[in-house]
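**Q** From first to last, the protein sequence lines are chains H and U.
Okay, so the first sequence: first residue is 1 according to the numbering used here, each after it adds one.
Okay, so the second sequence: first residue is 421 according to the numbering used here, each after it adds one.
Misleading hints may appear alongside valid ones.
What the hints assert, rightly or not - 25 Å max Cα-Cα, derived SDA-like pairs, lysine to any residue:
1) K678/U x F334/H
2) K678/U x F279/H
3) K133/H x D693/U
4) K598/U x L536/U
5) K444/U x P129/H
6) K104/H x K598/U
7) K609/U x D693/U
8) K419/H x L524/U
Hints are computed from structural coordinates only; laboratory data are not their basis.
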Amino acid sequence: MFLRLCVVVSIFAVVMTAGTPSVSAQNATQTGGLNAFNPDLSVVVDMFYHADDSEEGISHIMEEISGFGHSHGEGEHHHHGVENGFNLRHVELQMSANADPYFKGSAIAAVDTDGAELETAELETSSLPCGFKLRGGKFYSDFGYLNAQHSHQWDFTDQPLIYKLCLGDHGLNDKGLQATWLAPTPFYLLAGVEAFQGDNETMFAYSGEAPLPSDDGPRVGVAWLKCGPNLPGNHALQFGAFGASGSHQEAHDADGDGAEDHWLAGDNSFWGGDFVYKFNAPLAYGQGDFILQGEYFNRQKDLNVIAHDLAPALVGNSRTDNQDGYYIQALYGFLPRWRGGLRWEQVGLTNQSDLPDGTSESYGGSSRIGVMADFSPSEFSRIRLQVNQGSYETADGKQDVSEVYLQWMLSLGAHAAHKF
Amino acid sequence: MHNSIIWNLTLVLSLCQPIFAAGKPLNVVATTSDFGAIAREIGGESVTVTVLAQPGEDAHFVTPKPSYIAKLARTDLLIEGGAELEVGWLPPLIEGSRNPRLVLGRPAHVACAEGLSLLEVPSIRDRAQGDIHAMGNPHYMTDPVNARLVAERIGNALAVADPAQADQYRARRAVFTKRLDEKLAVWQKQLEPFKGTRVVAFHNSWPYFARRFGFTIDLFLEPRPGIPPSPAHLADIVGTMKREKIRVILVEPYQNRKTAETVASKTGAAVLDFTQYPGGIKGTEAGYIEFMDYLVNTLSAALAGERKP
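Assemble the whole structure, with the sequences as input and the hints as a guide.
**A** Structure below.
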C-alpha cells in the first residue's frame with residue numbers, strides 16, 4: 001500500500017511540475033526549452049450513475065452465475081463492483097514519452113476514492129528490425145479486441161459478461177513480457193506471444209500459501225494472431241484468434257464457517273476468436289459511422305484437489321470445468337455526435353463441471369441484452385445512457401435483472417490518437 | 421543435373437534482382453490527396469503513391485485501418501500535413517508499422533507544415549475554444565504558394581529517398597513549379613474583381629485561400645471549430661449575411677449540405693461545393709492544378725453570376 005501511495009505521489013509531482021500544456025512529439029520542435037521533453041499527459045475522468053432492480057445488487061449476481069463460480073485464491077485486487085447510485089470508476093492519469101531512439105515508455109495510474117493502482121507501466125522497443133517489437137512491464141494483453149482497451153474506450157459502460165466472468169474487472173492485465181511480429185505480407189498480419197506473472201483475480205489466480213503449492217512465475221502464456229485484409233474505401237476489418245494457458249489455484253469454504261476447507265490447483269486455459277468491422281461514413285461528426293464487433297471465449301479449467309479438511313478421500317481427484325460465451329455488438333451514428341448501440345451476449349452455451357467426487361453437473365446459460373445511446377459534445381467528452389436486461393442462471397434459479405447506467409466521461413490534456 | 425539447374429536458376433535470379441531493384445518504383449504514402457497529387461506529379465513513373473484518407477472525408481477523422489499498417493510497413497517515403505491535421509489517427513499507424521524510416525524527424529517522414537508560416541496560431545490553448553490546433557490552422561494547401569513550398573520539400577525528399585533519380589525529380593519539380601506559377605497569375609487575375617468579398621464557410625478551412633486571393637472568409641456555420649451548427653448561431657449568421665449581402669456559402673463534401681441550403685434559402689445566397697482535396701469533388705481528380713482550377717472557376721462563376729442582376 002505504501003509503495004502504491006509513493007507511486008501516486010510521484011506521479012502527481014510530475015503532473016504538477018510539468019504544469020505547461022501538454023506537448024506532443026509532433027510539436028515538440030516548436031516549443032522551446034526543456035518542457036518539450038516532458039511526457040505527454042492526459043487525465044480521464046469517468047463517472048456513472050447505476051441502478052438495478054435485483055435484491056442483492058448486480059455485482060453479487062455476477063459472482064453467483066452458474067459455472068463461473070468465484071474463486072478465492074486471488075491476491076490484493078480491489079473490485080469495481082458497481083453500486084446503486086453514483087460511481088466514480090476511476091481517474092486515469094496517463095503519461096507517455098520516448099525515452100531515447102530505442103525505447104518508449106508510458107504509465108497509467110488509476111486513482112479512485114479507495115486508493116490508487118498502477119494500471120499499466122510499460123516499456124517497449126521502437127527500433128527492432130524485421131517487424132519485431134518487445135514490450136515489458138505491467139500491461140494489458142493484446143489478445144482479442146476489447147482486452148487492451150481501457151474502460152473509457154469501451155462503447156458500452158460495462159464489460160461484456162464473458163470478459164467479466166472469465167477475467168474480472170481488469171481483464172488480462174499483468175506483469176510480463178510480450179513479443180510481437182508484423183509479418184511482411186501485403187495485408188495486415190500481426191502475431192504475438194506473451195508471458196505473464198499470473199495473478200489475475202479470476203482465471204489465473206495464485207496464492208502460493210500452504211497447502212497450495214508455491215510456483216515460480218511466469219505462470220501464464222498467451223498467443224494470438226490478428227489479420228486485417230485490404231478492404232476498399234471506408235471499410236475496415238480485423239479478425240483474430242487467441243489462446244491462453246496458465247496455472248490456477250482456488251481455496252473454498254464448503255461448509256460456510258468462514259474458514260477455507262478445501263484447496264484446488266491446476267491449469268486454466270481459454271481460446272477464442274474476435275472480429276471488428278468498421279464503416280467510416282463520409283459525413284461530419286461521426287454521422288453514419290457503423291461498427292460491428294464480436295468475440296467468443298471457451299474456457300477450460302483443469303484442477304486437482306490438493307487438500308480437503310471435510311472429505312480427505314477426495315484429495316488427488318480432479319475437477320474440470322468447461323464454459324464459454326460470446327458478445328456481439330453494433331454501433332451506428334444516427335445523428336451528428338450521437339451514436340446508438342445494441343449488444344447481445346450469452347454465456348454458458350457450454351456449461352459443464354466434472355466434480356472431484358466423480359459426478360458431473362451441467363448448468364443452463366445466461367444472457368443479456370444492452371441498448372445504449374451516447375452523445376459526444378466534442379472529441380473530449382461523452383455522455384451515455386445504457387439499459388441492460390439480463391437473465392442470469394444462478395444457484396437460486398433464473399434471475400432477471402434490469403440495469404440502467406448514466407455515464408459522463410472527460411479527457412483532458414494531450415490529444416489521444418485512436419487505434420483501430 | 422539437379423544441382424546445375426538449381427545453380428542456373430540462382431544465377432538467373434541473382435542477375436535479375438538488381439534489375440528489379442532499379443526498376444522498382446519508390447513506395448510513397450501520402451495522408452491526403454493534395455500531397456499525393458504533388459508526389460505523383462514530381463515522382464512520375466518512378467513512384468507509386470498511396471493516399472490514406474478518402475478525398476471526400478474529413479482528414480481529421482480517418483479510420484486507422486489495420487491494412488494501413490501493412491502499407492506503412494513497406495513505405496519508402498511518408499508525406500503528412502502535420503500541424504495536428506492527422507494527430508487523431510496517424511501516430512498509432514506509424515508506430516504499428518515498425519518501419520524505422522518513418523520515425524518523425526527522419527528524412528523519409530515529411531511533415532509538410534514544417535517550414536511554413538501557419539495562420540491562427542492560438543495565443544490561448546484552451547479547448548473551451550473548440551477543437552483548435554496548437555500549431556495553427558493546418559488547412560494550408562489551398563494557397564498555391566504553400567503548395568509550391570510543399571512541392572519543393574517533396575521533391576527534395578524524393579531525391580534523398582531515391583538518389584539515382586534525383587535529376588529526374590528536380591526536372592519534374594521545376595516543370596510543375598513553372599506551371600503552378602503561371603497558373604497562379606491566371607487565378608489571381610480571375611479573382612481580382614472580387615477582392616474584399618466576404619464569403620461564408622461551413623468550417624474554418626479557408627484562411628490561406630482567402631489571404632492569397634483577397635477574400636474575407638471569417639464567418640462559419642460552425643459556432644466553434646468541430647462543434648456542429650446550432651439554431652441560434654445559424655440565426656446570427658443569417659442576420660449577418662443579410663446585412664452584409666453575403667452571397668456565397670462554401671461546403672465541403674462531408675459537411676451537411678442541407679444546413680447550408682437552409683441558410684442559403686433564407687438569404688438568397690448560393691451553396692458552393694468546395695473541397696480541400698483533389699478528388700473530393702468530381703472533376704478535381706486529375707491533379708493539384710486542375711483541383712485549384714475548379715475552386716477558382718466555381719467561385720468566380722458564382723460571384724460573377726451574383727453580380728449580374
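**Q** Does each hint hold? Answer for all of them.
**A** Cross-check of the supplied hints:
1. K678/U x F334/H: The given pair, whose Cα atoms are some 16 Å apart, holds under the 25 Å limit.
2. K678/U x F279/H: 22 Å, holds
3. K133/H x D693/U: 45 Å, violated
4. K598/U x L536/U: 20 Å, holds
5. K444/U x P129/H: 22 Å, holds
6. K104/H x K598/U: Answer violated: K104/H to K598/U is near 44 Å, above 25 Å.
7. K609/U x D693/U: 22 Å, holds
8. K419/H x L524/U: Holds, at roughly 18 Å.
In this structure, the earlier hints numbered 3, 6 are contradicted, and the remaining ones agree with it.
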